[in-house]
Structure formats: structure tokens, C-alpha cells
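S.K.: Single-letter residue listing:
Protein chains: 2
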Amino acid sequence: MTPTTELQNNIASMAKRAQVASRSLASISSEKKNAILHRMAILLDEQRQFIEKENKKDLIAGKEKGLNNAMLDRLELSDYVMESMIKGLHEVRVLPDPVGEVSTMRRRPNGMSVGRMRVPLGVIAMIYESRPNVTVDAAALCLKAGNAVMLRGGSEAIHSNMALAKVLQQSLELEGINPDAIQIVPVTDRQAITVMLAQEDFIDLVIPRGGEGLIRFVSENSKIPVLKHYKGVCHIFVDSQADIEKAIPIIINSKTQRPGVCNALEGLLIHQDITREFLPLISNHLQQAGVRLLGCDKCLEIAPDMQPAAESDWGREFLDLVLCVKIVCDFEEAKAYIERYGSRHTESIVTEDYSMAQRFINEIDASAVMINASTRFNDGGELGLGTEIGISTTKLHAYGPMGLEELTTRKFIVYGQGQVRS
Amino acid sequence: MTPTTELQNNIASMAKRAQVASRSLASISSEKKNAILHRMAILLDEQRQFIEKENKKDLIAGKEKGLNNAMLDRLELSDYVMESMIKGLHEVRVLPDPVGEVSTMRRRPNGMSVGRMRVPLGVIAMIYESRPNVTVDAAALCLKAGNAVMLRGGSEAIHSNMALAKVLQQSLELEGINPDAIQIVPVTDRQAITVMLAQEDFIDLVIPRGGEGLIRFVSENSKIPVLKHYKGVCHIFVDSQADIEKAIPIIINSKTQRPGVCNALEGLLIHQDITREFLPLISNHLQQAGVRLLGCDKCLEIAPDMQPAAESDWGREFLDLVLCVKIVCDFEEAKAYIERYGSRHTESIVTEDYSMAQRFINEIDASAVMINASTRFNDGGELGLGTEIGISTTKLHAYGPMGLEELTTRKFIVYGQGQVRS
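If you read the protein sequences in the order shown, they are chains A and B. Quick note on numbering: the first sequence equals residues 1 to 422 in this note's numbering. Quick note on numbering: the second sequence equals residues 1 to 422 in this note's numbering.
Hints are supplied without guarantee of correctness; some may be wrong.
Stated by the list, open to error - Taking lysine to any residue and the SDA-like style, the derived pairs with C-alpha atoms no more than 20 Å apart in a straight line are: (1) A:16 <-> B:340; (2) A:223 <-> B:16; (3) B:16 <-> A:336; (4) A:223 <-> B:212; (5) A:32 <-> B:118; (6) B:223 <-> A:313; (7) A:16 <-> B:246; (8) B:246 <-> A:109; (9) B:223 <-> A:396.
In short, the hints are calculated from the structure, not lab data.
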């Protein structure tokens, strides 16, 4: 179905206004941006009743639509969620402002000084599914990095998102900033997305957050660069020289601490030389933690209580208490397995062998490569970015968690004294 | 017309082999890469006769097709072009290898050390028009940054490109490296491009170089990220506090040193306060240099020998000895003009006013923003990157000239001691 001219005009007009707003945002001071974030935190707190009332509408509609309890939970702006949004605003407020940073200026032989200055990207489109708190988190990060943002949340959360956006826009207005810097697309069907994805003259970056279907849809239809991650199929390779005392808690933590997220462990590779000692031990620990184990043929010989893994289980993102286990001959086999089945998200090795650790760090291709640490650490906050707007598993522009810096780019700046090119 | 299955299979197979080759390239030493570049320089020199013979075929075919002299010139692998390709290989050889660089490792509160390591992008597709020397330049840069490359040149240069690629592949083989790391697509129609642009599972980045039509075609049809620049509409703003002694040579150099390139000047903005003094002077200099001037109404009052600019002349990329001249009231008007008509390529101000210089540097949005310098300096070599593979005027991944660093990305690396997430 072709989008109506009205829809096209409306969204194009929103995007155009976002671009205008982004131009004034690009050069406002950090102080001003922090004042806006502070104002947002205060207004969100003050307008809880209004937000709760609007959120109720979504919850009632969700129940009528037959959403399950987990989905309704994600939709609810409970006191706890409200508090965490407000806390999030303050956390972004105190982060250093990346805009204007010039890391090095170098003098050229002709006397010109050349550097690169961080500048905002311009207009960012966020396309996401149910959780309405993303509205506030994403708006705060985009604003701090000097970008305007167009937010398109899911239909289930439309009243909540509109209410939150209204409060955020009020904050901008009270601080004398063009409220078009934060806009919410009021149409929640896929047509609206298609129209957004065609605004390449006004929007600089699209970040989809949600299921693989949404992300594929966005990246297949976008004329604008997309930062995305499809899935997190993370592995741990337990090397022959692993310290088993470290391996067990790392594996348990990676698999069970929060099995439904992208940096949870989905595949365990064990070096054949330690299998007899290690496999019974870890399988016992994992099973006690409620994890169902799917093993390769060699595994089943040693641990016959495991279930055999089907071919389709290798490389599968279970997002559940299920784990694939495979015995490998050496690093080369582990590497080949990860290349074939991994999703370039997070890969970790457990080893005390210096050379093996170095090879793993250097040769494994993933957005985060770790030695003796839980895969759950692949997260903007945990890796020191302060916070994140998502994780990229493609290599252009950003690879891994994206913080404020990844919402900017660098332009060249040249201080001359009349130089001309000969 | 739908591409044949055979074409699709051939190109998919090339891309797949390029990905395999890229994986071994990613971890070879700088020494090895430099040895390959050295070998390439020697073989190119040794095999001049073969290359010239193949190049002749293209030149003859080009004449028969009726290519004009300028196009035949660009096609010819003269001794001078051969020398400059060989020199280019040595220049890339001595550049520092960006791969493996970890600029900072930081200790997290839990004791993990976290850093970001530069790694190759993987497989790069270059799509370019006639000049066959791009084949060697691009292959050298991609190789040094650890990437495999698929090259698709124009039909006019097909014999030259195949010959050059053969020599480059020989060099790889002699150094024991998989020759699939440098491949040339033997089909030169647009169908081949369309098929390449669908290989998103194997190719990580597409760089088109050529006319605006080619670049639009690539970016509209690509499922892979594209680094591009459409055009260079560069401006100089002569502020009221400009040093006229600097302004004149900067403007003459920007406009006339090489008018056919993307960093040449296309629009001159003059502050109204100095127009009466400056306009007759600069228009005299420019006209003496053979530049045809197209002015705004106010210009024509002062310099009636100018031609009036048509509305379509503002923001036009002339690539010729033609220049638009406009009188503006102040910085704000200059900025608004640049936002509307510029192409985010290069913008320069001539001023001695400190605050004005700072505003220009901070507020103007372009891949290179300059004070008192010729726009012609927006070039990888001139800005200190050593060399460049192109200039990006979009903001994702790279903005401005792209050198070796822009052909890489950064992954997170984590050195732990058994940490788990709580």
C-alpha cells in the first residue's frame, strides 16, 4: 500500500523542522543542554499524574488487545520506571559533552594547524517497539550530543510516548529552545516508517531497536544510514589452559544473569584437552541453575544426560535458559566456529595462557572481545561509555555499544594564515 | 532487466572469497603488508610492457567509441602515470599501519581493563569510472588497512584494470597471501553493480567514485553502507575584517588552481561593509585569471561588468572558471546561504576578527571548515592523512577525506581476571 500524500507531507515536514532545530542545537553550550536535561527531570516528576493517566490508556488498550503480562509489564510506567527515567536524565546530564572536542591539532609543513572537531550528526530517527522509557532515554542522549531526534515508538505505547514527548518539549520551550528538536511521529504503522526512511535530505541516521523483523524491515527500506544489531549470539571459549575457578562463575553469569538479553551466552566451546575434567563440572552447575544443555556428539559421550543439539541450534539466539555446548580441538576450530555461527556481538575466552589470550583478542572479530570476563559486560555503562543508545554489530561508524561519542562525527578544522596550494 | 543467475552466482562467489581472504588479511603483520606493497611496486615496474599493451587495447577501443581527448588522457597509463602509481605504492608502504592501535585502555572500577582496538572493516567494494590508476591506489590503501577489495572499474578501462589487477594478485601470491584479497569484477555494466550492492553478507563498505549519476545509482541501490560525496560546492566568506592581502591569493588559488575538482571554489560571499573597496579589486583579479563572474543584484550595481547570476547558479558546481558572487549583510546571512546552497564539502572564511573566526569554525557545517586558507586544502594528503581514498560529505563513519584510519573500525577489548556482572 502506498503511503498517502498527507502522511508523506506530514512526516517530511516534521523531518524538515527537525533539521532546522538541529542547526541551532549544534552550537548551544553544554550548560544550556544540561539545564534542559535538569528541567526535563523536574517536569517528569511534576507531571507524573498526567503521564500515568496517559499510560493507563495504553495499558487498558493492551489488555483489550490481549497482550501478555510480560508485554504489559514492559509497557507500564510504574513508579520504579519513572524514577529510573528521571535518574537516567541526571546521569546523561553529568556525562562530559562530546561536542567541540578537538583531540589533536597538528601543524602542517606550510604552517596551517589542522585538527578534527566533534560535531553533532544532525537529525537522528529512533524506531523502537513497546517500552516507552526509550522515548526519554533516547531523547536525552540525542540532545546531549547536540542532535534533534524523531521518535517513532510502537502503537501499544502511543499515549505514553505522546505524553512523555509533550513533557520533554515543554522543557525545551521553557529553556528557550525550539521544541522541534524532539518530535514524536504520531502514526505507528509501518507506512510511517517507510516514509521516515525516505527523508535522506533531512535525517542523518536511523537507529532501530526491537525484534529482528523490525530491524530487517528498517535496513531493507532505508535510504538513510542505519546503525543496527540483528542479534547477539555470544560464545565463551574455555581454553585448555583455563582457570576452572574463573570459568565456572563467568559461564554461569554470562548464561543465567539475564538470559533474555543480547549479551547473554548462547554457545559454549570447550577445548578437548580439559573436557573430561571440566564438562561434568560445568554441566552440573548449569543444570542446577536451570539451564538446558544441547551438546555435540563428543559432549554426549562424556555427559550423556545432555540433549543432542540439532544443526539449527548452533548459532541460534535462544534468549532463554538453553545453551549449546561444543568440544573443539583447538583455537583454530573455535575461531572457525565463531566466524560461522557468531553474530559479531561478544566473544570471550577463559585462559591463563598469555599467547592464546593475545591471539583471541587480536584475531576474533566481534564488537567486544574479552579475556576472562562475562559476556554480560558488553554494555555501554559497563564498558565506560556512561550509557548507551544501542549496540552496533556492523562495522561502519560504530562497532559495539554506542554512547554519546557515537552520536557525533568529526569535521576537519583548519587555522591558516593565508596559505594557498601550490 | 534482471541480472542472470550466472552473473549473480559469479559475483556472490567473488564476494564470498573476498571475505575469506579478508579474514586472514586482518591479522597479518605490517611488515608483511609492506613487503607486499614493495613487491607490487617492483612487479608493476617490471611488467610495464604487458600493462602498456593491455592499456593500448582500451585506448584503441576508446578512440573507436569516440571518446574525447580529455577522456583518452585519463585512460592512458603513460610513463608518468606508471611512475606515480609506483610512487603511490611506496607512499602507502611507509604510512603507519592503523590496525591494532589501542589509543587508551581504561581500568574499570571492577578491575577490568577496557580499550578499543582498530581493526579492518573486512571487504570493501570500490566502484569507479575511467582512470585505471585508481585500481592500484585503492588496492594499496585497502590492503594496508587489512581489507580485501573488490574493484569494479569502468568498461573503457577494462583491459588496463584486468592487467593491473593481475600484477597485484601475482604480488600477493609471491608473498604467500590469498590473491582473492584483490579482485576485479570483469563485468562492467550496471547490472554487475546491482548484484555487488546486494552482497551485504560479504561486503562491509561500498565506495563509489565518479560522477553524481553513478553515486546516486549506487546509494539508491545498495544494501551495504556507502561512503560517498555527491558534489563539492565550496564557498569563501570574505568578512568585513578580512585582510585583503590574504583574501586575493586565497580566492584566486581556490578558484583557479584546478577548477575541475571538488574542492575548487564555486561561490564567493562578501561582507557588505567591504564590498566597495574589495569587489572591484577581486573581480579584476579573477577576470584577469579568466574567471567569468556571476553576481547578485547588489554586485552588479558596483561591478556592472559582471553577468547577473540566475537562481539556478547559486549552489551550482561549475567545475569550470565560473564563480558566483554574492554580497551578504553579516555572518548570519553567510551561514544561512551556506546551509542552503553548500554541499557540506569545504567552507572557508577570510577574517582577522578572532570572534568571527571562532564562530565560523564552530557553527559552519562542512567536512572541512577553514580560516584564512584555500579551499583546495581539503584533501587527505594536504590535511595530513598521508593519502586518501575519497572524501565523504555525509557524516556517518567519516566526514571529509578518508585515509587509512577511515578504512578501519574499532572493536572493544576487555582484559578481565574473572569478573562477572552483578
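S.K.: A separate judgement is required for each hint: does it hold in the structure or not?
M.R.: Outcome of the hint check:
1. A:16 <-> B:340: holds (13 Å)
2. A:223 <-> B:16: Violated: residue 223 of chain A and residue 16 of chain B sit about 25 Å apart, past 20 Å.
3. B:16 <-> A:336: holds (15 Å)
4. A:223 <-> B:212: Since the Cα atoms of residue 223 of chain A and residue 212 of chain B sit roughly 16 Å apart, the hinted pair holds (cutoff 20 Å).
5. A:32 <-> B:118: violated (34 Å)
6. B:223 <-> A:313: Distance of about 28 Å is beyond 20 Å: violated.
7. A:16 <-> B:246: Distance of about 38 Å is beyond 20 Å: violated.
8. B:246 <-> A:109: Holds, at about 19 Å.
9. B:223 <-> A:396: It holds: about 13 Å lies between the C-alpha atoms, which stays within 20 Å.
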